[in-house]
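Participant: Those protein sequences? They're chains V and G, same order as listed.
The first sequence begins at 0 in numbering that gives the first Met the number 0 and counts up one residue at a time.
The second sequence begins at 0 in numbering that gives the first Met the number 0 and counts up one residue at a time.
Don't take every hint at face value.
No distinction is drawn between identical chains; accordingly, a pair holds when it is met within one copy or between any pair of copies.
[Stated by the list, open to error] Below 27 Å or equal to it, Euclidean Cα-Cα: the simulated DSS-like pairs (lysine-lysine) are: (1) Lys1 x Lys43; (2) Lys302 x Lys72; (3) Lys272 x Lys258; (4) Lys258 x Lys43; (5) Lys84 x Lys258; (6) Lys301 x Lys8; (7) Lys258 x Lys8; (8) Lys90 x Lys258; (9) Lys72 x Lys43; (10) Lys84 x Lys8.
Rather than coming from a laboratory, the hints here were simulated on the basis of the structure.
Just so we're clear, the structure is a prediction, and the values are computed from it rather than from any experiment.
Protein chains: 2
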Amino acid sequence: MKALRFINKQLELQEIDLKPTPENEALIRVVIAGICATDMEIIKGYMDFEGVIGHEFVGIVEECQTNPDLIGKRVVGEINAACGKCVWCMKGLGRHCPDRTTLGIFGRDGAFTEYVHLPVENLHIVPENITNRNAVFVEPLAAAYEILEQINIRTDVPVLLIGDGKLAQLIIRVLARRGCQIHVAGVSERKIERMNGLYSRVYIREFPMPDIYTIVIEASGSPVGWDAAVSTVEPRGTIILKSTFADAFSFNPAPLVIKEVTVIGSRCGTFGKALEALSGGMRVSDLIDAEFTFDDWQEAFKKAHDPETLKVILRMEGI
Amino acid sequence: MKALRFINKQLELQEIDLKPTPENEALIRVVIAGICATDMEIIKGYMDFEGVIGHEFVGIVEECQTNPDLIGKRVVGEINAACGKCVWCMKGLGRHCPDRTTLGIFGRDGAFTEYVHLPVENLHIVPENITNRNAVFVEPLAAAYEILEQINIRTDVPVLLIGDGKLAQLIIRVLARRGCQIHVAGVSERKIERMNGLYSRVYIREFPMPDIYTIVIEASGSPVGWDAAVSTVEPRGTIILKSTFADAFSFNPAPLVIKEVTVIGSRCGTFGKALEALSGGMRVSDLIDAEFTFDDWQEAFKKAHDPETLKVILRMEGI
Numbered sequence: 000m001k002a003l004r005f006i007n008k009q010l011e012l013q014e015i016d017l018k019p020t021p022e023n024e025a026l027i028r029v030v031i032a033g034i035c036a037t038d039m040e041i042i043k044g045y046m047d048f049e050g051v052i053g054h055e056f057v058g059i060v061e062e063c064q065t066n067p068d069l070i071g072k073r074v075v076g077e078i079n080a081a082c083g084k085c086v087w088c089m090k091g092l093g094r095h096c097p098d099r100t101t102l103g104i105f106g107r108d109g110a111f112t113e114y115v116h117l118p119v120e121n122l123h124i125v126p127e128n129i130t131n132r133n134a135v136f137v138e139p140l141a142a143a144y145e146i147l148e149q150i151n152i153r154t155d156v157p158v159l160l161i162g163d164g165k166l167a168q169l170i171i172r173v174l175a176r177r178g179c180q181i182h183v184a185g186v187s188e189r190k191i192e193r194m195n196g197l198y199s200r201v202y203i204r205e206f207p208m209p210d211i212y213t214i215v216i217e218a219s220g221s222p223v224g225w226d227a228a229v230s231t232v233e234p235r236g237t238i239i240l241k242s243t244f245a246d247a248f249s250f251n252p253a254p255l256v257i258k259e260v261t262v263i264g265s266r267c268g269t270f271g272k273a274l275e276a277l278s279g280g281m282r283v284s285d286l287i288d289a290e291f292t293f294d295d296w297q298e299a300f301k302k303a304h305d306p307e308t309l310k311v312i313l314r315m316e317g318i
Numbered sequence: 000m001k002a003l004r005f006i007n008k009q010l011e012l013q014e015i016d017l018k019p020t021p022e023n024e025a026l027i028r029v030v031i032a033g034i035c036a037t038d039m040e041i042i043k044g045y046m047d048f049e050g051v052i053g054h055e056f057v058g059i060v061e062e063c064q065t066n067p068d069l070i071g072k073r074v075v076g077e078i079n080a081a082c083g084k085c086v087w088c089m090k091g092l093g094r095h096c097p098d099r100t101t102l103g104i105f106g107r108d109g110a111f112t113e114y115v116h117l118p119v120e121n122l123h124i125v126p127e128n129i130t131n132r133n134a135v136f137v138e139p140l141a142a143a144y145e146i147l148e149q150i151n152i153r154t155d156v157p158v159l160l161i162g163d164g165k166l167a168q169l170i171i172r173v174l175a176r177r178g179c180q181i182h183v184a185g186v187s188e189r190k191i192e193r194m195n196g197l198y199s200r201v202y203i204r205e206f207p208m209p210d211i212y213t214i215v216i217e218a219s220g221s222p223v224g225w226d227a228a229v230s231t232v233e234p235r236g237t238i239i240l241k242s243t244f245a246d247a248f249s250f251n252p253a254p255l256v257i258k259e260v261t262v263i264g265s266r267c268g269t270f271g272k273a274l275e276a277l278s279g280g281m282r283v284s285d286l287i288d289a290e291f292t293f294d295d296w297q298e299a300f301k302k303a304h305d306p307e308t309l310k311v312i313l314r315m316e317g318i
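Next up, chain V with everything else stripped away, as it sits in the complex (with noise of 0.2 Å):
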């Protein structure tokens, strides 16, 4: 089959065997499939993956030996495969299993392929009232709503979204369900406007930003952002830290310890609060800004890298 895959520093369509399926795992059809700001980092050398690259996905079970009334069901998947034994597994927190892989990202192929193979426990069943378009944000949007199982944001006074990409994007649609008051730092009118007016307040190329906040949240993924978020926390507030980052950089941790500020970092989070809310009506397809099949993988990798566009989606009908 066909599988994306980055090796030797280089991203490559190759044919590869198909593996046969473990045992407590099912075999996916890859349907559709989102690239996310992760894909670029690995690409950049994040944590040294080779591999098949893509973790945002939407398939068909088509073999299941120990559920097999999956068969023929619509997907998506959590992306830690755990050992489902140690204490972080009994705690219900295998995305920090230390014997994890990661789809995509840490020792397991991933879903820019025909098909992929994951832990039967790993799955969810998308409901019918989602389309494939909705349903393949459901991890990203799963990290979105992440933070809302760290820390309780009051709705009464403002939080600072620092970032107006794919990841802010999806982080200001949960704040504003939740009904947070929302001011936002972006670099991109364009990207601002996608937001749809869920801020009340919006600073465009401003860092520092003028005010201070006891919540902010660093989404963009720059080391500016990050030292606007350090520089507009008020003292004894909290950073919520979002992104992720290939490299470096020069840091200077003596703020954080004269405001006595608490840094939270947040990565993934279960998927059920965000089909929760596709099921419930709430939309993200419009943050889609290019479809491509993918066989066009290379013209796909091309726009996701434009830092104006946000989502991009591959398709993976017709291979």
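Given the coordinates of chain V, assemble chain G onto it according to the supplied hints.
Facilitator: Just chain G now, kept in the frame of chain V:
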């Protein structure tokens, strides 16, 4: 009067005029003062401070218009002088007041001199059973107690303390008094010995550590210590960041995001707990490695620069 001033990037003993005592402030004759790591950072450029340095002291109140009862009393002083009116001051967090000055660190002449001014509300009378050589540690000891104000440390699982310097020595005493199990990571056998066996496990020049910890306290003040904290903290664990650094260093926050780590900056504390502990029998004066008269300040700073030295004391008598 003689004063040790940092001016034009140079530390100099200068003759300066004693300024009139501001309203609501007291004039204190400095008896004994301690050299702190922050003083050494200031000399490297931290906070761009210019003026009389020094912020750890014990003194005798000589003038105090608003509270004459204080005259003749032996006192220590909280170092942040706040406005008393803003929301931070109302919350009892004057040390985060945006209009604050900080003794010998920011906007206010410090204690390495004959006489120092501080607002009356900053002063604490030293109980008679605390010697000067213990009382001079109240300020850094309060900073160590600040950790326990910010986070509850369970006593049934070990906490990792990174650092073996002056602040780490006080932190381990505070944690041991609270009944915590402490593992220590340091670089100097001699300094680790000074911890009087208050730890149950020790790592010497062993970074990263082979185990993982729910709570890691970084008090080494070095980028190596910070990196070790990030790699040793368990997923969803907490790093207490006690160190201030004069310089930025290269840092990749991705592990904080991947492990969903919480970093809590921790600075000054209030003096109450520290005075209570010292009055209740805690002893810290054994951390004093050398004492100099003020006229021998150059020798004192030379000694303080030696990485094997713990606390260096300046005695103000004889000037």
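Participant: Please work out whether the CA atoms of Lys258 and Lys8 approach to 27 Å or closer within one copy, between two copies, in both situations, or in neither?
Facilitator: Answer is between; shortest inter-copy Cα gap is 26 Å, intra-copy 41 Å.
Participant: 27 Å Cα cut-off: does Lys84 pair with Lys8 within a copy, between copies, both or neither?
Facilitator: Cα proximity of Lys84 and Lys8: none, with 34 Å in one copy and 58 Å across.
Participant: Is the C-alpha distance from Lys84 to Lys258 at most 27 Å within one copy, between copies, in both cases, or in neither?
Facilitator: between (40 Å within a copy, 19 Å between copies)
Participant: Should Lys301 paired with Lys8 be assigned to within, between, both, or neither, using CA atoms and 27 Å as the limit?
Facilitator: within (17 Å within a copy, 51 Å between copies)
Participant: Give the relationship of Lys72 and Lys43 under a CA distance limit of 27 Å: within one copy only, between copies only, both, or neither.
Facilitator: neither (35 Å within a copy, 64 Å between copies)
Participant: Pop the pair Lys90 and Lys258 into one bin, within, between, both or neither, using alpha-carbon distances up to 27 Å.
Facilitator: Classified as between; 15 Å across copies, 33 Å inside a copy.
Participant: Under a CA distance limit of 27 Å, which applies to Lys258 and Lys43: within one copy, between copies, both, or neither?
Facilitator: between (34 Å within a copy, 21 Å between copies)
Participant: When Cα atoms must be at most 27 Å apart, do Lys272 and Lys258 count as within-copy, between-copy, both, or neither?
Facilitator: between (33 Å within a copy, 21 Å between copies)
Participant: Measure nothing new, just compare the shortest in-copy and cross-copy C-alpha distances for Lys302 and Lys72 to 27 Å and report within, between, both or neither.
Facilitator: neither (31 Å within a copy, 73 Å between copies)
Participant: I want to check one pair: Lys1 and Lys43. Are their C-alpha atoms no more than 27 Å apart within a copy, between two copies, both, or neither?
Facilitator: This pair counts as within: shortest intra-copy Cα distance 22 Å, inter-copy 58 Å.
Consistency with the previously given hints fails for numbers 2, 9 and 10, ordered from lowest to highest.
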